[in-house]
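The lines below spell out each chain.
2 protein chains.
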Amino acid sequence: MEYKQLDKITVIDYLKNITKVMDFFATDKIEAEEIGDGNLNFVYIVKSQEDPSKVLIVKQAVPYLRCVGEEFPLSRERMTYEIRALKKFYSIFPRFIPNIYHDSEDMSLVVMEFLDNHLIMRKGLMESVKYTSFSEHISTYMSAMLFYTSSLALSSSEKRELIDKFNGNTELCKLTEDLVFSFAFMEHETNDNENVKDNPLADKLFTDTEFKEKVLGLKYKFMAQSDALLHGDLHTGSIMINEDETYVIDPEFAFVGPFGFDIGALLANLVNNYIYHSIVTKDEEFREWLLKTIKEVLDKFGEKFLKFWSEHKNSALLVDDYLDDKTLENYKKKFVKNILRDSVGFAGCKMARRVFGVAGVEEIRGIKDTTLRYEAESLALRIARKFVIKYENIDSVNEIIEIIKAESAR
Amino acid sequence: MEYKQLDKITVIDYLKNITKVMDFFATDKIEAEEIGDGNLNFVYIVKSQEDPSKVLIVKQAVPYLRCVGEEFPLSRERMTYEIRALKKFYSIFPRFIPNIYHDSEDMSLVVMEFLDNHLIMRKGLMESVKYTSFSEHISTYMSAMLFYTSSLALSSSEKRELIDKFNGNTELCKLTEDLVFSFAFMEHETNDNENVKDNPLADKLFTDTEFKEKVLGLKYKFMAQSDALLHGDLHTGSIMINEDETYVIDPEFAFVGPFGFDIGALLANLVNNYIYHSIVTKDEEFREWLLKTIKEVLDKFGEKFLKFWSEHKNSALLVDDYLDDKTLENYKKKFVKNILRDSVGFAGCKMARRVFGVAGVEEIRGIKDTTLRYEAESLALRIARKFVIKYENIDSVNEIIEIIKAESAR
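Protein chains in written order, with the working numbering: chain A, 1092 to 1501; chain B, 1092 to 1501.
Just chain A, with the same shape it has in the complex (with noise of 0.2 Å):
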């Protein structure tokens, strides 16, 4: 089918030829409804009208960026990723990923399961929100997703493969290693201008040369990398939560690259929030959560991707017999201490680019008082500089926590 940009009415004629869609609604009066927030694609919510707890989902992209309009051209192919990515993501745990009922990567679009009862993950955070179980289930997504894309999994074959579905998605990989490896940190007509100018911090980032060295190094890894199907963007803007369920959304930034890279940009979510709270609400009670979280998301992950691999004896990597038990103990525990260390050095380039790059946190661009808005970004840059420059000496969860809790302290 050609690509045709739909809109509320057009959106309906669409779905009315797809059998599973018209199933699910069990009825032929639907309505569609836009709803504005997305910053790339068109979303509709499509109810039925006879029992308007029927709802779907429809996403379809644009070929240019939505936010700025049609002057800021973006390929619509960013969808075919999202498309494939949700797919794979499914195939290997189904419980995190919404269920899809259509897909069309020649149409850039995708139905969708409505998540009704679940809220951004990073709104409820900020309103001080526990979610108990999220520990459990981000570590048991992310170590799921990447150890079964990766060559400790897939045959050699298949590794292939899995890269050959993702490569093009060229410029969504190089949005990323722009805007988080380069422009942030340096003067750029992307930034966020009006608060770089005159700012002290900005020329103390922007200045700081063994932390750009280091983030340089990070920017390689995110290139050349290809380690295992990553998200891409997973922040807590793409996870849909509620105290049961967790769910990550929008890959579409979706590539093979480095193990660190979606644990990275989770654990810098993370921190900011905990920023947020130190600085705005002063919860203490939440900021003790939200470590808590931070550490037991990442110790569950090392244990559960070390689980999956001792439960899944030959892949690419590794041939029956070629080593002892012991050291192969040995040599997995270093493999995930290595992706620990790379975690946080991704994180902490997360954190530092939403300081003044072009895509700010709620939690912290949104603070209204100035003075308290320049402690957060302080705060936010003192604990990216430490993760930048330390994360090769990492040695184990309790340093990062130490490094968050040491800053915040000061």
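By construction, these hints were calculated from the structure, which means they are not laboratory data.
Errors might be hidden in some of the hints.
Same chains, same label: a pair holds when it works inside one copy or across any pair of copies.
Claimed, not checked - Using 16 Å as the maximum straight-line C-alpha spacing, the simulated EDC-like pairs for lysine to aspartate or glutamate come out as follows: (1) Lys1477 <-> Glu1402; (2) Lys1425 <-> Glu1483; (3) Lys1425 <-> Glu1301; (4) Lys1423 <-> Glu1301; (5) Lys1424 <-> Glu1301; (6) Lys1383 <-> Glu1227; (7) Lys1373 <-> Glu1249; (8) Lys1398 <-> Glu1420; (9) Lys1428 <-> Glu1301.
Chain A is fixed; fit chain B onto it per the hints.
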């Protein structure tokens, strides 16, 4: 054109339809002779009957391993990657690549310049021929090919296009994964089991867990580090040489992999030759020349790689004005040191695998006297072990030379 396996008659009919080839011969009277020294492919020498100085080489892959027979299937698509690599390398630095007159991925066939004044380098080295231009040539070849196909030179999308072109070379990459990094270090049917039997060196190697754990790390780098387009099998049998010219041939193993792998392959083969002259010919002067050559190759590689880098400002990695010159120089020097380190690690794997693995080298496995061969094997394994255990801490080319000398003196 549909694939058809040619013979010495039909290859002539095929060539007669190719203008560029017939222009070269400037006559219809051409004849072909099959030279049977290919392990994998059919190779024809095609001559003008009127002017025997006019000669071209035709190389065609067949869908099996030629040296074993049709019962050992090996997809002929390997020629697709050889053709693509030859053309890519030619486009970067034509001087070291045979001129190509015609190629067809469909026919798995390439028509190339005949290198009649050149010898396979391994043969020359075994006869103590000093190729005085070699270190200059091969260091230019390696630095140019690796630099200009990496994210240090290419844009983000160019790098992804390159990966797209070579990612499908699954079969030959898997051969390397299995044969270079796994089977040669354990009991396996593909090994030279006549020699493995009752050989204390094999016992020692197969139970050397410290060594094998490091090899696993290097295997992982081979599989997951997408630095640059590699030749993939850069031993001295892939080099055609004389005093004045150096040609690199047979890049059928080409893929986007770690910088150090080609350099390591070459280093391993030069050291194997050094071992041959240490144990068999005892040609002191040639040994000295070999050590000097190894040092020159590695030193010049680093210098030239850095020189290419200094001439090339923007790339996927580097954005103009991101970092001051001094810090950038520092970063680049560390980057090149890491390439050197990985090269040493890969060289160790490559040397060790030649001892008991499926494909031996003439310098070691070809030694007729079993006592001398055992000595050579022992020395190769000692140097290989040092390379693999120490590679991450190598700081200079001199340390590599010292390892070779120290183990040879024992």
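Structure-based check of all given hints:
no., hint, in the structure
1, Lys1477 <-> Glu1402, "neither (36 Å within a copy, 33 Å between copies)"
2, Lys1425 <-> Glu1483, "both (12 Å within a copy, 15 Å between copies)"
3, Lys1425 <-> Glu1301, "between (26 Å within a copy, 14 Å between copies)"
4, Lys1423 <-> Glu1301, "between (31 Å within a copy, 14 Å between copies)"
5, Lys1424 <-> Glu1301, "between (29 Å within a copy, 15 Å between copies)"
6, Lys1383 <-> Glu1227, "within (12 Å within a copy, 58 Å between copies)"
7, Lys1373 <-> Glu1249, "neither (49 Å within a copy, 48 Å between copies)"
8, Lys1398 <-> Glu1420, "within (11 Å within a copy, 43 Å between copies)"
9, Lys1428 <-> Glu1301, "neither (23 Å within a copy, 18 Å between copies)"
Going through the hint list in order, the structure does not satisfy hints 1, 7, 9.
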